[in-house]
Amino acid sequence: MTAEDKIAESEYNLDKLKNVDNPKDFQFELSNFLSSSRSILDHLLEDHRIKFGLSICGDLTMRTFT
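Convert by adding 503 to the 1-based position in the sequence shown; the result is the number in the numbering used here.
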């Protein structure tokens with residue numbers, strides 16, 4: 504999955520979040536949105552590692568630095 508795929512997923516989750524009335528459903532949709540949004544940075548790092556032939560360990564993600 505590319506960073507663009509994750510951005511599209513996040514946009515989809517945000518649209519679903521905007522239309523939720525039930526508090527429990529809102530909690531689930533918010534979790535989905537936050538998870539997909541947070542992973543965009545991981546996918547950007549991986550996409551650029553591949554595109555530019557960077558010698559960054561494949562297991563290294565943005566979460567390593569937080």
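Since the hints were derived computationally from the structure, they do not count as laboratory data. Careful: at least some of the hints might be erroneous.
Computed cross-link-like contacts, DMTMM-like style, restricted to lysine to aspartate or glutamate with a CA-CA straight-line distance of at most 20 Å [said to hold, decoys possible]:
#, residue 1, residue 2
1, Lys527, Asp545
2, Lys519, Asp508
3, Lys554, Asp508
4, Lys519, Glu532
5, Lys519, Glu507
6, Lys554, Asp524
Beta-carbon label-pair distances, calculated as ranges [as the list claims (entries may be wrong)]:
#, residue 1, residue 2, range
7, Gly556, Phe529, 16 to 26 Å
8, Tyr515, Leu544, 12 to 22 Å
9, Lys521, Leu557, 15 to 25 Å
10, Ser558, Asn525, 20 to 30 Å
11, Phe555, Asp524, 19 to 29 Å
12, Ile553, Asp524, 14 to 24 Å
13, Leu517, Leu547, 15 to 25 Å
14, Asn525, Leu547, 43 to 53 Å
15, Phe555, Leu517, 38 to 48 Å
16, Met504, Leu533, 14 to 24 Å
17, Leu537, Leu557, 19 to 29 Å
18, Lys521, Ser558, 34 to 44 Å
19, Val523, Leu544, 20 to 30 Å
20, Ile559, Val523, 16 to 26 Å
Glycine included, C-beta positions come from ideal geometry on N, C-alpha and C.
Worksheet item: Which earlier hints turn out false for this structure, listed by number in ascending order?
Response: Failing hints, ascending: 1, 6, 7, 9, 10, 11, 12, 14, 15 and 20.
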